[in-house]
Structure formats: C-alpha cells, structure tokens
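Novice: Could you build all of it, start to finish, from the sequences and the hints given here?
So the protein sequences, as listed, match chains A and B.
Letter by letter, the first sequence follows residues 3 to 391 in the numbering used here.
Letter by letter, the second sequence follows residues 438 to 780 in the numbering used here.
Just so you know, the hints here were simulated from the structure itself, not pulled from any lab data.
Glycine residues also receive a C-beta, built at the ideal position from the N, C-alpha and C atoms.
Treat the hints loosely; a few may be bogus.
[To be verified] Taking CB as the label site, the calculated pair distances span:
hint, chain 1, residue 1, chain 2, residue 2, range
1, A, R157, B, V761, 51 to 59 Å
2, B, D551, A, N35, 26 to 34 Å
3, A, E298, B, V710, 20 to 28 Å
4, A, D251, B, L776, 53 to 61 Å
5, A, H69, B, M488, 37 to 45 Å
6, A, Q39, B, L596, 44 to 52 Å
7, B, L638, A, V234, 50 to 58 Å
8, B, F480, A, G198, 22 to 30 Å
9, B, P711, A, R368, 54 to 62 Å
10, B, A522, A, R157, 41 to 49 Å
11, A, A17, B, T451, 54 to 62 Å
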Amino acid sequence: MTVTEREQREFIAAAAADARVNVELETEGMTLNIGPQHPATHGTLRIVARLDGEQVVAAEPVMGYMHRGYEKLAEVRTFPQVTTLINRIDWLGSFANEVPFILAAEQLMEVEVPPRASWIRTILFELSRLANISLFLGDMGVQLGAITPVFFAFRDREFVLNQIEAVTGGRFHPNFDRIGGLKDDLPKGWIEDTRGVMVKMRNFCDELEDLLLGNEIFEARTRGVGVIPADVALSYGLSGANLRASGVDWDMRRDNPCGLVHDELDWKVWTHPDGDSFARYWVRLQETREATYMIEQMLDGLPAGPVMAKVPVIIKVPAGEAYVATENPLGVMGYYVVSKGDLGPFRVKIRSASFNNISVTPWVMRGVYVPDVITILASLYFILGDIDR
Amino acid sequence: MWTLAIELAYWQQTAIKLVVVALVIPTGAIILGYVFLMKMMSFMQSRLGPMEAGPYGTLQLLADGVKFLQKEDVFPRRADRYVFALAPVVVLVSTFLLFVVLPVGPDAVVSGLDAGLFFALAVASLSVIGVLMAGWGSANKYALMGGMRAAGQLIAYELPLVLAAIGVVIQAGTLDLNKIVLAQATGEIFGWGAIGNPYILTQFVGFAIFLVAVQAELTQPPFDMPVAESEIVGGYQVEYTGFRFLFFFMAEFGTAFAFAGIASVLFLGGWYVPGLDPTSGWFNLIGPFVMFIKIMAVSALIFWFRFTFPRLREDQLQKLAWKVLIPLSLLNIVVTGVLKVLV
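Specialist: Below, the structure written as structure tokens:
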C-alpha cells in the first residue's frame with residue numbers, strides 16, 4: 003500500500019498538532035517595578051520584583067532617588083548648623099535625629115550637660131517617637147486596605163506635634179538641640195498639657211488594638227507574612243522594633259544609654275518571638291504605649307535648674323573622633339563624627355536605621371505574593387529620608 | 438389592577454423607560470457616593486467630609502463630575518485603543534441592564550421578565566468582560582494584574598451569589614422578582630402571617646452569603662484586590678482619566694445601588710410594607726420610596742463593611758469563596774428544600 007503525498011502531509015500535521023497540545027503551556031515571568039512612584043513606598047523607593055503570576059521570585063530594592071548628600075554637606079557647615087540638615091533625615095521624628103549628633107559633639111568637647119536639659123531632651127526624644135510611630139500604626143492599616151486607622155493616627159499625632167511645637171516652635175523640624183543643652187526651657191503649663199496628650203495617645207493605642215489587632219483579616223494578612231528569624235535579622239543589621247519583633251532583646255535605650263536618662267526610668271523592652279509582620283506591628287504598638295508611660299515618669303521627676311551649660315559663643319570642637327548611637331523611632335541611629343579642631347566637622351558618617359532595615363527585603367520577599375510585598379514594606383517601616391540621607 | 442390611563446406606543450414606552458433607567462444610575466450613584474462615601478465615611482473617621490460645594494457639601498459629586506468631564510481624554514501610547522475606549526461602556530451597560538428588571542411597585546418595573554432574577558444575575562456578570570478589557574487594553578502591568586484579579590474574583594463570587602439566591606427561589610417558587618415580592622407579602626412563617634414573610638427571617642444564611650458575595654462583586658473592601666490602591670494603584674482603572682473614569686465610578690456605585698435593590702427585593706420584601714394590601718395600585722406610588730429606604734439600609738451595611746475592614750489577599754479570597762461560602766450556600770439550599778417539602 004502506497005502512501006499518497008496528501009496522507010503523508012496529514013500525518014505530519016496531526017503529529018505536530020499532538021506535540022503542540024502535549025507541551026505544557028509556556029508561561030513567562032514579568033518584571034514589575036514597584037516604585038519609585040508608588041503609594042506604598044511613601045517616598046521614592048523602588049522595588050524591582052520579578053513575578054511568576056502573583057508570586058514574587060526575586061525582589062531587589064533600588065535606593066538613592068532621594069539622596070541629598072548630607073554627609074558631604076555637613077563637612078562645609080559649622081557644628082550648630084548641622085542640626086538643621088540632619089533634622090530632615092527621618093522627617094517624622096526630627097528631634098530624635100539631632101540628639102545623637104549633639105551627644106557626639108558634646109563628647110568631643112567634654113561638656114557637662116545640666117540634668118534638666120538631659121531630661122527635657124529625653125522627653126522630646128520620646129515625643130518624636132510618638133509622633134513617628136503613631137503614623138506607622140495607622141499607615142499599616144491603610145496599606146492593608148483599611149482606610150480608617152490612618153485618619154485616627156493623623157488626628158492624634160496632631161496633639162503630639164502641638165506639644166513639640168509649643169516647646170520648639172517647629173512642628174516638623176524643631177532644630178532645638180544645642181551643644182551643651184537646649185535652646186529654651188519648657189513653656190508655662192506645658193507639663194499639664196502633655197499629661198493630657200499622653201492619655202489621648204494611650205486611648206489611641208487602645209482604639210487601634212480594637213480596630214486592627216482583633217481583626218481576623220488583619221491577622222490573616224500579617225501573621226506568618228515576612229518572617230525574619232533572629233539570626234537573619236542580626237546578620238542584616240536590623241535594629242529597633244524590627245529586631246525586637248524577631249525576639250532579640252536589644253534596645254540601645256536600656257543597653258547603652260549615653261547622655262539620655264532612660265536608665266533612670268522604670269520601663270520595659272517589648273519583644274515578640276514570631277518575627278512576622280504582625281509581631282512588628284504589635285511591638286511598635288506596645289512601644290508607643292510604653293513611651294507614654296516613660297514621658298509621664300519624666301514629667302513627674304523633672305529636675306530644676308538651667309537648660310544650657312557654659313559653652314563658648316563660637317563653638318570649636320577639639321580634634322578627635324566620636325561615635326554615638328541612640329535608639330531612634332526607626333531603629334539605631336548613629337553618627338561618627340571626626341573633628342580636626344575646626345568650626346565644622348571634618349567628616350560625618352551617618353548610620354541610619356532604615357537603610358539597614360530595608361536591606362533585608364531581598365531575603366524576606368522571596369516567594370511571597372504581591373500584596374505581601376506591601377505588607378512587608380509597611381511593617382518594616384522605613385522613612386525614605388532615613389534610607390537615602 | 439390600577440394601570441396607566443394613557444396608552445402609549447411601544448417606542449414611546451421604550452423611550453420613557455430608557456430615560457428613567459438612564460437617570461436612575463447617576464442619581465443612585467450620586468446619592469450613595471454622597472451619603473456613604475463622603476459623609477458616613479468622614480464621620481466614621483472623625484472628619485467632616487466635603488462642606489463647601491452646596492449646602493453641607495451636597496453638590497460635591499456634581500462638581501467632581503463636571504471636573505471629570507473637563508479632563509483630557511488620555512490614551513496610553515501602547516493601549517489597544519478600541520478595547521480601552523469600550524471597556525467603561527461595557528461595565529456601565531451591565532449596570533444599566535440590572536435596573537431593567539428591578540421592580541419598585543406592582544406595575545412599576547421597566548420590564549417584568551418571568552426569569553427576572555436569572556436575568557439580573559446574568560447581566561451582573563457582564564461587567565467582568567468590561568473589567569478584563571480595561572485591564573488588557575491599558576497596556577499596563579498593574580492594570581493587567583488588576584484585570585486578572587477581577588476576573589478570578591468575580592467568577593469565584595458569582596457562584597455563592599447565585600446559590601444564595603436559589604434559597605429564595607425555592608421558597609417563593611418563582612424567578613419573577615415581582616412574584617417574589619408578592620410571595621413575601623402573602624407568606625407566612627410557620628402559620629403566622631402578620632408581617633408576611635420577608636425572607637431575611639427564614640433565609641438569613643442566604644442573606645449573609647448574598648451580602649458577602651455582593652461585596653466581592655462590587656470589588657469593595659475587604660474584597661477590593663482588583664483595585665487595591667496601595668498595592669496595584671487602582672488596578673484596571675489606573676490608566677483611565679476624565680469621563681471614562683467617571684463611567685467606572687458611576688458603574689461602581691450604580692451597581693451597588695442595583696445590588697442593594699435586588700437584595701431588598703429578595704430578602705426584605707421589596708416595595709411591600711406589612712399591613713397593606715399588596716395588590717393595591719397605590720404601591721406603584723409609594724413603592725419607589727419604600728424601595729429607596731430599604732436600598733439605603735442595605736447600602737449602609739455594604740458601605741459600613743467597606744470602611745471598616747482591611748483587604749484580604751487574593752488566595753485567601755478564593756479560599757473563602759470555594760471552601761466556605763459555596764459549601765455553606767449548598768447546605769442552605771438543602772435545608773431550604775427539605776423544609777419546603779416538610780412544612
């Protein structure tokens with residue numbers, strides 16, 4: 003039996019069709035640029051995520067879109083002028099940025115700060131923590147799709163900002179810390195007002211606990227999402243609440259108090275063993291509440307006296323090097339200051355918390371879904387100015 | 438039966454009906470948008486909401502609408518122009534068709550189909566096509582993800598929606614929405630018929646499932662992954678501006694209005710008020726107001742959820758639909774069927 007040409011062609015075509023059907027459907031990955039203009043990055047962070055459907059295969063943070071060169075700028079300014087710059091690093095808790103730099107300069111100059119100045123400094127330090135973290139507590143809700151908490155956060159943060167403004171005159175950029183003390187004493191009646199604000203902040207914490215922590219959807223979205231084990235957290239240099247949420251009991255306020263009065267207060271370092279997004283939220287919520295108690299204690303025990311030590315009008319810092327780090331709202335913030343005995347610093351190296359905190363994203367974002375990217379970014383809580391400086 | 442005294446030609450009737458439906462959608466959208474999206478949400482979030490445009494901010498949405506109309510009609514360079522332009526219209530048509538069968542009185546219905554419920558649920562799923570078209574035609578990765586999420590979600594939640602309505606259909610024994618209202622008006626609960634039988638009392642499981650599914654159909658929080666503004670920045674709507682975005686907005690709130698209407702017809706007794714004669718022609722006059730009150734009540738519930746809950750993740754949403762809602766609604770159908778035969 004001979005095979006006609008037509009039959010032969012039909013056979014080939016059928017075999018080819020079979021082969022096409024039997025080959026598995028080919029899929030192609032997609033590279034998604036989350037940012038630099040994306041609402042979840044609240045700033046100009048860019049996450050380059052390679053996706054397989056909704057799943058992230060690899061993610062890489064790209065930073066530097068907002069680099070302002072503060073380290074270099076600080077070299078051409080005098081010591082008192084630098085605080086104006088570094089206010090803008092973590093713009094939500096500005097006063098806390100000034101503290102470690104001033105402490106480093108004081109260490110070099112060997113100035114003894116009056117006790118009242120240290121106490122007020124610590125009060126403002128913790129107030130800026132409240133102003134910073136209360137916004138996170140609401141923002142986490144909005145990143146997960148609940149729009150209401152963020153309005154509560156803005157409403158109650160306003161009271162804290164008012165208190166900061168009453169002392170320093172600046173809501174966002176106080177520029178209040180001076181080498182040797184503070185610019186001014188507290189205004190009249192401020193202590194009583196602050197006590198009222200602390201009660202309001204605790205009510206705010208209770209409100210958010212009811213609104214978010216008890217919510218099944220919130221738990222489903224955050225529990226087990228973005229788990230960072232303690233060893234990974236340590237090896238990536240995480241600090242602040244991100245580290246404590248991984249179960250590492252380490253807080254610079256307790257373990258290395260330098261110049262601030264946290265060691266004279268009765269307070270507790272909160273940790274959570276889970277290391278997931280929920281734990282990070284929970285730890286920050288507890289820390290907010292703890293900070294209100296701390297401030298109340300400090301208001302009770304505020305010593306009398308001057309708020310400024312005797313320092314020369316034109317400040318010349320003796321030659322030397324100093325590194326001072328404090329537990330800022332976002333994590334450990336340190337300044338390595340080198341002076342050659344001039345009016346300004348010779349070199350300033352800024353160790354900001356968010357830069358290290360965000361570096362863990364490639365590790366933690368493998369295999370998560372796209373919505374989890376947002377959850378993880380929100381729960382790691384960075385301020386873009388703190389990443390790019 | 439009380440009927441219209443004037444006999445109109447077919448085309449005249451059709452024209453009137455078209456105008457009525459075409460007016461109901463923007464009106465419903467504006468009412469819901471103002472009352473719930475602007476005012477209720479603002480009060481829940483301890484702020485005032487719009488206060489400047491008109492008394493108490495009532496004209497804010499009209500001002501917004503005019504603003505949208507003035508915007509440039511932007512097409513992304515690589516967009517599929519026809520698909521992109523057509524998508525909002527398809528979505529709006531689905532909303533438009535929903536109102537066709539919604540009864541607001543014994544005769545006050547645009548088109549009283551025998552299979553009215555079937556028709557309503559069928560045209561409701563038309564919007565999936567529009568959303569997919571928008572997601573695909575925008576030539577944007579975020580829009581594509583939004584479109585795909587929307588398609589997966591709307592298909593998953595179509596099923597509990599239909600299954601929840603079947604309980605009502607079994608009890609009423611009809612698919613005609615007006616007859617469902619009459620069945621509730623003349624019904625009895627275990628022999629007690631003073632308030633009729635609004636099916637929310639016997640079909641409460643169905644009502645709950647229906648509301649959850651409606652929430653997902655409307656892509657509102659906690660089921661708003663297709664538009665998730667903090668993740669995929671608006672999803673399929675991301676490239677739309679001006680009046681095309683306005684179409685999406687109107688469709689979203691118009692559909693909310695329509696679904697609230699269907700829910701009140703199925704579960705709350707529609708245009709009927711207990712204690713009155715359901716065959717009275719006066720219901721053609723007071724029916725729309727009764728319906729409006731019931732629609733607002735159901736919408737309040739829908740929007741309350743919207744402003745309270747965070748968003749689920751896509752896989753959690755699918756799990757909820759397939760593992761919880763569908764088995765539950767099937768069980769509801771079984772129980773309803775057994776009771777229907779026994780009682």
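Novice: Would you mind marking each hint as holding or not holding in the structure?
Specialist: Hints and how they fare:
no., hint, verdict
1, A:R157 to B:V761: 51 to 59 Å, "violated (36 Å)"
2, B:D551 to A:N35: 26 to 34 Å, "violated (53 Å)"
3, A:E298 to B:V710: 20 to 28 Å, "violated (58 Å)"
4, A:D251 to B:L776: 53 to 61 Å, "holds (59 Å)"
5, A:H69 to B:M488: 37 to 45 Å, "holds (41 Å)"
6, A:Q39 to B:L596: 44 to 52 Å, "violated (38 Å)"
7, B:L638 to A:V234: 50 to 58 Å, "holds (55 Å)"
8, B:F480 to A:G198: 22 to 30 Å, "holds (24 Å)"
9, B:P711 to A:R368: 54 to 62 Å, "holds (60 Å)"
10, B:A522 to A:R157: 41 to 49 Å, "holds (42 Å)"
11, A:A17 to B:T451: 54 to 62 Å, "holds (57 Å)"
Going down the numbered hints, you'll see the structure goes against 1, 2, 3, 6, while the others check out.
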